[in-house]
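Residue numbers (our numbering), protein chains in the order written: chain A, 1 to 378; chain B, 1001 to 1378; chain C, 2001 to 2378; chain D, 3001 to 3378.
Treat each hint with caution, since some may be false.
[Claimed, not checked] Here's a subset of chain C near chain D, in silico, CB distances under 7 Å, partners left out: (1) G2002; (2) P2103; (3) K2113; (4) G2210; (5) S2241; (6) H2264; (7) S2267; (8) T2313; (9) D2320.
The set of hints was computed from the structure by calculation and includes no laboratory data.
A quick note: this is a predicted structure, and the numbers were derived from the prediction, not measured.
All residues carry an ideal CB built from backbone N, CA and C; glycine is no exception.
4 protein chains.
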Amino acid sequence: MGSTFGQLFQISTWGESHGGGVGVVVDGCPPRVPLTEADIQIDLDRRRPGQSEITTPRNEADQAEILSGTFESLTLGSPIAILVRNKDHRPEAYSEMRDKFRPSHADYTYQAKYGIRNWQGGGRSSARETIGRVAAAAIAKKVIAACFAPDLEILPFVESIGTIRARIDPATVTRESIESNIVRTGDPDAVEPMIDLIKQVRSEGNSVGGVVGCLIRNVPVGLGMPVFDRLEADLAKAMLSLPATKGFEIGSGFAGTEMTGREHNDSFRMEDGRVRTTSNRSGGVQGGISNGEDILFRVAFKPTATIMTAQDTVSTDYHDTELKGRGRHDACVLPRAVPMVEAMAALVLVDHMLRQRALCGNDGAETGHGEKGGNAAR
Amino acid sequence: MGSTFGQLFQISTWGESHGGGVGVVVDGCPPRVPLTEADIQIDLDRRRPGQSEITTPRNEADQAEILSGTFESLTLGSPIAILVRNKDHRPEAYSEMRDKFRPSHADYTYQAKYGIRNWQGGGRSSARETIGRVAAAAIAKKVIAACFAPDLEILPFVESIGTIRARIDPATVTRESIESNIVRTGDPDAVEPMIDLIKQVRSEGNSVGGVVGCLIRNVPVGLGMPVFDRLEADLAKAMLSLPATKGFEIGSGFAGTEMTGREHNDSFRMEDGRVRTTSNRSGGVQGGISNGEDILFRVAFKPTATIMTAQDTVSTDYHDTELKGRGRHDACVLPRAVPMVEAMAALVLVDHMLRQRALCGNDGAETGHGEKGGNAAR
Amino acid sequence: MGSTFGQLFQISTWGESHGGGVGVVVDGCPPRVPLTEADIQIDLDRRRPGQSEITTPRNEADQAEILSGTFESLTLGSPIAILVRNKDHRPEAYSEMRDKFRPSHADYTYQAKYGIRNWQGGGRSSARETIGRVAAAAIAKKVIAACFAPDLEILPFVESIGTIRARIDPATVTRESIESNIVRTGDPDAVEPMIDLIKQVRSEGNSVGGVVGCLIRNVPVGLGMPVFDRLEADLAKAMLSLPATKGFEIGSGFAGTEMTGREHNDSFRMEDGRVRTTSNRSGGVQGGISNGEDILFRVAFKPTATIMTAQDTVSTDYHDTELKGRGRHDACVLPRAVPMVEAMAALVLVDHMLRQRALCGNDGAETGHGEKGGNAAR
Amino acid sequence: MGSTFGQLFQISTWGESHGGGVGVVVDGCPPRVPLTEADIQIDLDRRRPGQSEITTPRNEADQAEILSGTFESLTLGSPIAILVRNKDHRPEAYSEMRDKFRPSHADYTYQAKYGIRNWQGGGRSSARETIGRVAAAAIAKKVIAACFAPDLEILPFVESIGTIRARIDPATVTRESIESNIVRTGDPDAVEPMIDLIKQVRSEGNSVGGVVGCLIRNVPVGLGMPVFDRLEADLAKAMLSLPATKGFEIGSGFAGTEMTGREHNDSFRMEDGRVRTTSNRSGGVQGGISNGEDILFRVAFKPTATIMTAQDTVSTDYHDTELKGRGRHDACVLPRAVPMVEAMAALVLVDHMLRQRALCGNDGAETGHGEKGGNAAR
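The shape of chain A in the complex, shown without the other chains (with noise of 0.2 Å):
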């Protein structure tokens, strides 16, 4: 209740920061996906800290171990299990962290909800539950390539940090454009100041916010499930279950609410057989369902809330106090944002892919081919 995610391909992260581990069970898999402990790694070392010179200087290597749901390299089709061992533990970097509330984190509230908290590191709001999420959707990727759509890509990247603002073109910006760089943006122009900016607020024992845009093509048509669980409610929820998130937008997003539906209406035309819209103001979803056009949305995420300045907050045992942050922590979390949108994207397409299946078979959609939506059986 609460750390479970996904209706068919169902996860559940467990873990602290500081703990045997942290890891996920993942129960839904579909059987007979190759799968191997390299497949996760790969993901876990573009989420991991201490990957660049500009993402925290914790060095945390975060590798996993398959538990169980695999046989010669392919899943089994019962529920896989993961763990990473936590290592880089630090307690008495903590100790503050017992008597005093970190303003803007989840300190207060955990201890009012609970009653209780492990005031070692974040706990379990602390982003290495993360860990979960990723080690699963790198699974969830190998299932929608197999099972699926072979040439389905997801494409998050670090749109702005702080005012900096990257120039993306969703036509042709590529997987290489934006890993190449370690802010993972796909501007080259932007990549150098948003590395200055990033070096100068930590020099600053200050941080940064940012937006990470995401951008998925060659999606199937007909994922979502109205009403409640539209794919866009879905991809909503999943970002902003994610750390230190703030806002969620899908296509014309906010600045659409100024425009006029005869500016705004995407139309249709017939393209090589298929359904195409001639703009993309959906973001690639109408009526809650894909419509087979790219799906482009962004994610608003805070300045992280640990500073190197004295702020004032109150003890846990509720005086007026005052707290300066320790410890070694990202100034702006976008660059490793980036693997961690990737991940919750591929969970909720995974689990519509699955849900599709179920409720319509496998025909796959009427596009506009010939071929017929609906019920495999008919």
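Mind docking chains B, C and D on chain A? Use the hints.
Relative to the frame of chain A, chains B, C and D by itself:
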């Protein structure tokens, strides 16, 4: 699967815009809560078309009948079924929709997904489906008041229409000031310009979008279930499940991404024996859990897709064609979106209240008053 | 929470015996399945009271109305809501129930749990609630036939009433032989003794229990989701959720506990290119998964609690008192339990068929024919 | 999907008999409940093989490690992950299973369903999977004691092995008398005959089944969620989800079907200010809800499928062949089934306690004491 919302206060809406009716079943409502049909009718009347000169002239009474789950005006603890008959059938008004997909509507994606659709009106994708949500939320609000938080107020309001923005002071805005005008904005100075804009776009056969803001006061500390069912994640999903929504942000939202941590963090201070924050960029939620401050979020609504101009589209036998909107539609959904946003917020809150009671008992949260959160029985 | 059944073919029943009506919402029905009200009415007529001289003389037509989810006699893929109005209100017949708890009924436990109950008839605990299940199962059977297993037969029958046992040969029993008599047993020799017994206990103001057996033929191999949602586990839950049930056994059941493994094991043999078992003590399920043999299970129904003799009980203000049954009740529920058992079996099967299609695709199972189970896309 | 159990106290077990290990994640455990690894180890030791001369000589220590969810020996309210490493790997003992399906085992159905199976031992269908259940239930029992019902006792016992039946008096049987002997029956006179029977069938390379009875004392009134999640329905599912089970009955069970209502009904009487029944044919549950009397149910276990005699079977390339059991197996699972039945009962109870607290608050039920059931806040 798709039409069910909530973990404990679980609602299942049903119904197409044309057919026997629309409604909802609420499974999981606590017993002995006072409830009559009048409680539900109040909110349905705020949602219904034809209520003012700026909404669609369709005039549907939307009379609610409680079919089960109450006895002598109290809830029984068994499922509450509510039925609203469809009245204003004019299938002939929709005959062109049988043969053509309306741009930026759900016609094409429904056809592609299911291989079939009810083309008489929007079918399941019609905003008429939200009747079930609003009815269920009327019950949710009774439960919140009777069992959990008598003082809690959910105050959604129209924040902008097109480029016209209202100025709302969260500290002082009242339900009366919002509901006193037909646009449902809390800023008296914005009322007339907003009405004028809606009338103007309507006269041009056009439409316009906008933003609904939502303020929730007197929220108990401790609501939200990390890590996936964070309160803001469930709110985001709830809002993005409403028709025509394109974005959600909470607290500082997208604007906060341009701030540094030093500017953005909310300091804690003791006030009247309670832990308070001196600013509220968090929007009332920290670490996925309510902190007792006002919850503040914003929802983006795109311009209505139905416009009275000829648009390019494709036919249901997949040829390029043209379509001109017909029928009676809202040129701007914002005023009627206000009770829908309110409904979804109430449904999220009541569900998390029940979940918190299940997990941690009734003691209430540790808020600095000396009460303890966590488990009731210790 | 409590009134919802199924993971993918998810039904929510609602309604009390006295009130606006009873019904069901089916969320998760595949699209494009042929469905009319007549399909549902057939099974409701088999379930309804007053259908023969040995059932309760209450005469309720139980007319089903489909309120949503179909279009031109095909399912839409959206929720299907079904309403059956209550007709035979005679609250005065129940006034004594307001003040006294009926022995071995749900009156006391409902009052204790909820602090309130609808004392006019059985309220939510009435067998009238099963109308929603039977209606939903009529849809389930259409889905099974249209999408998964056209030849599948669910054949429940009365196996015993009191100490009178029918002799049924699973290999040859037919729906015609079962439905040709008002007791619904497949053994012609048992019909008259059973009818006589029911009439006799009724004339004495008494009641009698019995066992329903259920045979399911032509079951696809591969249904069931280890480890918790084993097919027999879901069948057991489904059956024990019916009113008046006290036991469930599959295959060899309790009798099998007295056997040795050598006697009990079902050998495998190839037959017409398919894997078959030479005996069927497993009852068609091995390791929680159907093996293609006939599924065979039995359900115990206790004698009807309402009897026309004075019994010791307590009043609703908690004093010892006495109560004599009144009203019109079945002296034996077995004949009407047959369609209820059929309904629950159909609901379990369709849900597992959808789940199997989600997990493993449409290829069908590996049964010795050379087809492969597992994932469709490999 | 399949390996997850419970609505609020939700457990996900994972693991094959051969592989990295087995374990469980518990999502939904209340915070601040005392918990250490020793609490879990006690029950794992009762379940483990090699514990006595009549269980399999496999000697697995089954050492539990708590990986997350506790802090300073209290639960945190976050997911609790438990890992037990596999130790006794002897894949060579199983090589024949690669090529042949063992009769009355899950080999064939797993292969048919998933298109793949881990043939080294039982894989996912191994009773080793129940380690996760027993570990989770150890936590459940701590929660029941700490938060809900300190006096509640779950007392399962071996009621019969083959045709040897124990005589147990539910009023007086104690955990001590049950656990004092290696068969785990509460009847001292049955111990020796049962042990002799097990040794005899084992010496013959054969196996034998039996029945586990389960008594639950001091159950709160009001547990169970009509109509589908009736307490007996959830117990039935829980028990039938255990390996080798073939039947479940509660209270009068199948024997009660031969009684008349007059014989069968449980009269109510006031006793010490509480509503009691003068007999208990209901088995402690009426209308799907606990009535405060002892819960009494029985579970049928078939004889172990592995026997040391040649049996007809088919090969994995679908030809008739022969197989003789090998390896070290229990000739009778009953003694080790006792803690498994206890575990599943505890998991059902704790889930319904949390659900009841969610729905009706903490007031406790109306039992004649004058306390009120229903909603806490009125």
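Comparing the hints with the structure gives:
1. For C/G2002, the interface hint holds, since its Cβ comes within 7 Å of a Cβ in chain D; the closest pair sits about 3 Å apart.
2. Taken as an interface hint, C/P2103 checks out: its beta carbon lies about 5 Å from the nearest beta carbon of chain D, inside 7 Å.
3. Annotation: C/K2113 was flagged as interfacial toward chain D, and the flag holds, the nearest CB pair being 4 Å apart, inside 7 Å.
4. Nearest Cβ of chain D to the Cβ of C/G2210: about 5 Å, under the 7 Å cut. The hint holds.
5. The interface hint given for C/S2241 is met, as the beta carbon of that residue sits about 4 Å from the closest beta carbon of chain D, less than 7 Å.
6. For C/H2264, the suggested interface contact is upheld, since its CB lies about 5 Å from the closest CB of chain D, less than 7 Å.
7. The beta carbon of C/S2267 is positioned within 7 Å of a beta carbon in chain D (closest approach about 4 Å), and the interface hint is therefore held.
8. Because the beta carbon of C/T2313 sits about 4 Å from the nearest beta carbon in chain D, less than 7 Å, this interface hint is met.
9. Given the 7 Å rule on beta carbons, the hint for C/D2320 holds: about 5 Å separates it from the nearest Cβ of chain D.
When each numbered hint is compared with the structure, no violation occurs for any of them.
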